[in-house]
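Chemist: Residue numbers (our numbering), protein chains in the order written: chain A, 1 to 277; chain B, 1001 to 1160; chain C, 2001 to 2190.
The set of hints was computed from the structure by calculation and includes no laboratory data. Do not take every clue at face value.
Stated by the list, open to error - Cross-link-like lysine-lysine pairs, in silico, BS3-like; alpha carbons within 27 Å at most:
| id | chain 1 | residue 1 | chain 2 | residue 2 |
| --- | --- | --- | --- | --- |
| 1 | C | 2103 | B | 1067 |
| 2 | A | 160 | A | 172 |
| 3 | C | 2104 | A | 264 |
| 4 | B | 1076 | C | 2099 |
| 5 | C | 2162 | A | 164 |
| 6 | A | 257 | C | 2057 |
| 7 | A | 48 | A | 261 |
| 8 | A | 211 | A | 196 |
| 9 | A | 164 | A | 261 |
| 10 | B | 1053 | C | 2162 |
| 11 | C | 2162 | B | 1140 |
| 12 | A | 164 | A | 39 |
| 13 | A | 247 | A | 164 |
| 14 | A | 264 | C | 2162 |
| 15 | C | 2104 | A | 249 |
Unchecked claim - A short, non-exhaustive set of chain A residues, derived as facing chain C with CB atoms under 7 Å:
| id | residue |
| --- | --- |
| 16 | 14 |
| 17 | 77 |
| 18 | 273 |
| 19 | 276 |
By construction, the Cβ of each residue, glycine as well, lies at the ideal position given by its N, Cα and C atoms.
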Amino acid sequence: MNQNEETLSFSPINGAHAIAEVTVFLRFEPQFNALTISKLLSLEEELKDFFPTANETRAVQFKITGTGEKQDVSENVAGIELKSMNQEGGIDWMMRTAENSISVHCLNYSTWEEVSEQMLKCLNATFKHLDGSESFVSNIGLMYVDRFICNGDNDDANLKDLLKQETDWVFKGAFKSVNNLWHSHIGWYEDFSDYKLLNQLEISSSYANIKGEKKLVVTADHNVMLFREDVESSFVTYSDDSDNSIKLKEYIDTLHKMNKKVLKELLTSQMATLINL
Amino acid sequence: MAHQYTLNCEKIKHNFSPGVVEDEEQLLRLLYVPEHVVNDVVIETAIPLDDLKSRGLSLDRMTFAKKEIIQERMDKQMIKDPVKRQEASLAKFCCSDIRSIVDPDTGDRKNLVIDDAMEANIAHASIFSHKEMGKGALRKQRTVLLEYLQDRYCLDALFD
Amino acid sequence: MTDYYAQTNTSMGIKAISYSEINTHGFDSDFIAKTVMSTAVAAGILCASNPIDILSKQEFVESVSDNRTLDTNRQDLALLAKIREKALYPDNWDGNDAKAVDKKTINDAENFIRRLLGQAYIIHSPIISLAADGEINFLWVLEDFRFDLGFYGDQTFSYYGKASSGQEFISDEMDISEGLPEAIVNFIRK
Chain A
1 MNQNEETLSF
11 SPINGAHAIA
21 EVTVFLRFEP
31 QFNALTISKL
41 LSLEEELKDF
51 FPTANETRAV
61 QFKITGTGEK
71 QDVSENVAGI
81 ELKSMNQEGG
91 IDWMMRTAEN
101 SISVHCLNYS
111 TWEEVSEQML
121 KCLNATFKHL
131 DGSESFVSNI
141 GLMYVDRFIC
151 NGDNDDANLK
161 DLLKQETDWV
171 FKGAFKSVNN
181 LWHSHIGWYE
191 DFSDYKLLNQ
201 LEISSSYANI
211 KGEKKLVVTA
221 DHNVMLFRED
231 VESSFVTYSD
241 DSDNSIKLKE
251 YIDTLHKMNK
261 KVLKELLTSQ
271 MATLINL
Chain B
1001 MAHQYTLNCE
1011 KIKHNFSPGV
1021 VEDEEQLLRL
1031 LYVPEHVVND
1041 VVIETAIPLD
1051 DLKSRGLSLD
1061 RMTFAKKEII
1071 QERMDKQMIK
1081 DPVKRQEASL
1091 AKFCCSDIRS
1101 IVDPDTGDRK
1111 NLVIDDAMEA
1121 NIAHASIFSH
1131 KEMGKGALRK
1141 QRTVLLEYLQ
1151 DRYCLDALFD
Chain C
2001 MTDYYAQTNT
2011 SMGIKAISYS
2021 EINTHGFDSD
2031 FIAKTVMSTA
2041 VAAGILCASN
2051 PIDILSKQEF
2061 VESVSDNRTL
2071 DTNRQDLALL
2081 AKIREKALYP
2091 DNWDGNDAKA
2101 VDKKTINDAE
2111 NFIRRLLGQA
2121 YIIHSPIISL
2131 AADGEINFLW
2141 VLEDFRFDLG
2151 FYGDQTFSYY
2161 GKASSGQEFI
2171 SDEMDISEGL
2181 PEAIVNFIRK
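The following block holds chain A by itself, in its conformation from the complex:
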C-alpha cells in the first residue's frame, strides 16, 4: 500500500512544513555597554515598517553573597523587542536585542531564501549601531523548532512513522516508552563544510493544547552554532560592505544545511518527503 500522510500517525504541524520557529542569533563578548544598548534602541524607529510593535526590556541585576544577601542591585534597560504580529494576534516575526545577543525569530516560515534574506536585513540594520563598540561577535547560530502532531487518536501514535529507528540522534527507549512520552537532550561538535559546528538537539514527546485539543506532539529543537575561534579567516564584522554580507550569508546557509542534514538523519524518508527536506 502506498503510504501517505493519511496513513502515517504523525504529520507536520503546519501541514506543508513542521517549522514552528527558526531563529538566527549572534552572541557577543564582552556584553554590550550602556551606550551600545541605547544605540540599538533606535532600531524601533528604523525597522518600524516591518516591526510595528516594540517594547523595551529591563534588567534587574544583583549579586548573591555566600550568606544569601543581595548586593549591588541595579536596574537598567537591557534591550528591545520588535514584533510583527499577524491577524490572529500571534507573532510572525520578532527581533530581540539583549545584553550580549541579538536574535531574529521567524514563526511564519515560507522558504529559506525568503526567510534568510529578511534575517540578514535585520542583522545588517544593527551593525551601524555596533560599529565602534568593544563587543565583538563570538558566535553565530541558528535554532530550528520543528513540531509534528499525532493524527487521530494519541494512543495510536507510532514513533516509527516519524523517526528512523536506527538514527543516532534519539535514544532507543523513545520507541518503547509505554505512554508515548519521553525526551532526549544531546550535544556534539561536527565537522561540516569546512567548519566545526556545535549541534544541540532536544527532542521530546509531550501533550500540548493544539487548537483546543489535547494532542501528542513531538518537538525537535535543533541549535547549530559556529564559534569565532573555530573560523580561521576573519569572522563577522560590523561592516555593511558586500564581503561581510556574503560571509554572513555563507555562515547561516551552512548552519541551515547542517540542520537539514540532521533532520534527514532523524526523520523517516516519508516524513522528510512530506516536508520537502
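Starting from the known structure of chain A, fit chains B and C onto it as the hints suggest.
Modeler: For chains B and C alone, kept in the frame of chain A given last:
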C-alpha cells in the same frame, strides 16, 4: 524521444496479434481511481503527455481482452487510502471516435491507434499522437481525447 | 509595555528569569521588580553548585514559539501540502509502471505556486494530480475557463486553457521564473 509511428503503422499486425485494430472496435482504458477521477469526471492526468508522445497510451481491445488479465492489472494498482478505495474503472470508446479527430485547419489526423499486441496480452493497443508537437499542443490534444474517456464501467459490467 | 528580567550570577553561571505582560494585572512596577528579584534569589539559592563546565551544553537563545500553529487551511500551506503528498507515490504506483515524481518536479511546482500566489494573492485552488509519466498537474475547472498546466522538473511549465468564449491560451515551455500572463491570472484569481 518521440515515437516513430506513421499512419501506415495502423495497418501492421504485430506478432501475437489477432489482427489490426479496426475502426468499429470498442477500446478500453483502465483508469486510476481516485487520482484521475475527480467529482466523477475523468481528468487530464488520466492521459500522460509522454504516452501520447512516445510510450503509447495503453488500451485493451474489448473483443480480445481477457477479464483476468485486466483484473490482475487492477489488483496491482496501489490505491493510497483503503478508506477511499473505489473499484477501478474502465473507460469505453470506439476506435473510430479517436481516429476521426482531425486538425480543423489542415484536416490532418491527430491520433494513431496501433495494434500493440504482446505475448502476455494480445488485446493490447496504443494511442499515439500522429504528429510531433510541444507540450502545450499535446495538452490541447488530450483535452479532446478526454471527452471519450468519460463513459466508464466496472469490469464485471463489461465482461459478465 | 515593559518587560522585566532578573539575572543571578551563581556558581552555575548566569541565570535569567523574565516576567512580561505585567501591565495586564495593574501591579505597580516596584512590586513587580521585587517579585522578580525574589524569584531570582530563590532560584539562585536552590541551584546546586556544579564546577564542571559542559561546553556543548551552553544555553544560547530562547524560543518564543508556543503551541500556536499556522492555519493549515491557508491557501499556500494547503496547496504546498498537496504537492508534497504526491512525492510519497513510489515507482509503479498505478501498477502499470508509473513513475514516481522527481524532487525537481516538486520544487518547480512549489516555486510556481508561490510566485502565483504572490501575483494573484488568492486564487481558485487547482486540482493537483500526478500523471503516470511523472508530471505534476494543476487543473482549474471553472465556470468560464478550463486550464491545464504541468511540470516535469526541468524548471519550465507548459499549459493549455480554453475560455467559454472560445479564447485559447497555450504555451509549450515557460520558465518557472516567469509569471503567468495576466489574462490567465484574471481567470483564476478569486
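Chemist: Next step is simple, just say for each hint if it's right about the structure.
Modeler: Okay, the hints, checked on the actual structure:
With a CA separation close to 37 Å, the supplied pair residue 2103(C) and residue 1067(B) exceeds the 27 Å bound. As the CA atoms of residue 160(A) and residue 172(A) are separated by approximately 11 Å, the hinted pair is consistent with the 27 Å bound. The suggested pairing of residue 2104(C) with residue 264(A) holds, with an alpha-carbon distance near 18 Å, which does not exceed 27 Å. Restraint check for residue 1076(B) and residue 2099(C): the C-alpha separation of about 15 Å stays at or below 27 Å, so the hint holds.
A threshold of 27 Å between alpha carbons decides the hint, and for residue 2162(C) with residue 164(A) the separation of about 47 Å lies outside it, so the pair is violated. Our distance criterion of 27 Å between C-alpha atoms is met by residue 257(A) and residue 2057(C), whose separation comes to about 21 Å. For the suggested pair residue 48(A) and residue 261(A), the alpha carbons sit about 36 Å apart, so the restraint of at most 27 Å is broken. For the suggested pair residue 211(A) and residue 196(A), the alpha carbons sit about 40 Å apart, so the restraint of at most 27 Å is broken.
Between the alpha carbons of residue 164(A) and residue 261(A) the distance comes to roughly 14 Å, so the proposed pair stays at or under 27 Å and holds. A distance of roughly 22 Å separates the Cα atoms of residue 1053(B) and residue 2162(C); the hinted pair therefore holds under the 27 Å criterion. Note on residue 2162(C) and residue 1140(B): the hinted pairing holds, with a Cα-Cα distance of about 9 Å set against a maximum of 27 Å. Annotation: proposed proximity of residue 164(A) to residue 39(A) is violated, straight-line Cα distance about 48 Å (limit 27 Å).
Restraint check: the Cα-Cα separation between residue 247(A) and residue 164(A) comes to about 34 Å, which exceeds 27 Å; the hinted pair is violated. With a C-alpha separation of about 43 Å, the suggested pair residue 264(A) and residue 2162(C) falls outside the 27 Å cut-off, and the hint is violated. For the hint linking residue 2104(C) to residue 249(A), the alpha-carbon distance of about 24 Å falls within 27 Å, and the restraint holds. Contact between residue 14(A) and chain C, as hinted, is supported at the beta carbon level, the nearest pair being about 4 Å apart and thus within 7 Å.
Below 7 Å, beta-carbon pairs count as interface contacts, and residue 77(A) has none with chain C, the closest being about 9 Å; its hint is therefore violated. At about 5 Å, the closest approach between the beta carbon of residue 273(A) and any beta carbon in chain C falls short of 7 Å, and the interface hint on this residue holds. Against a cut-off of 7 Å between C-beta atoms, the interface hint on residue 276(A) holds, since the closest Cβ of chain C lies about 5 Å away.
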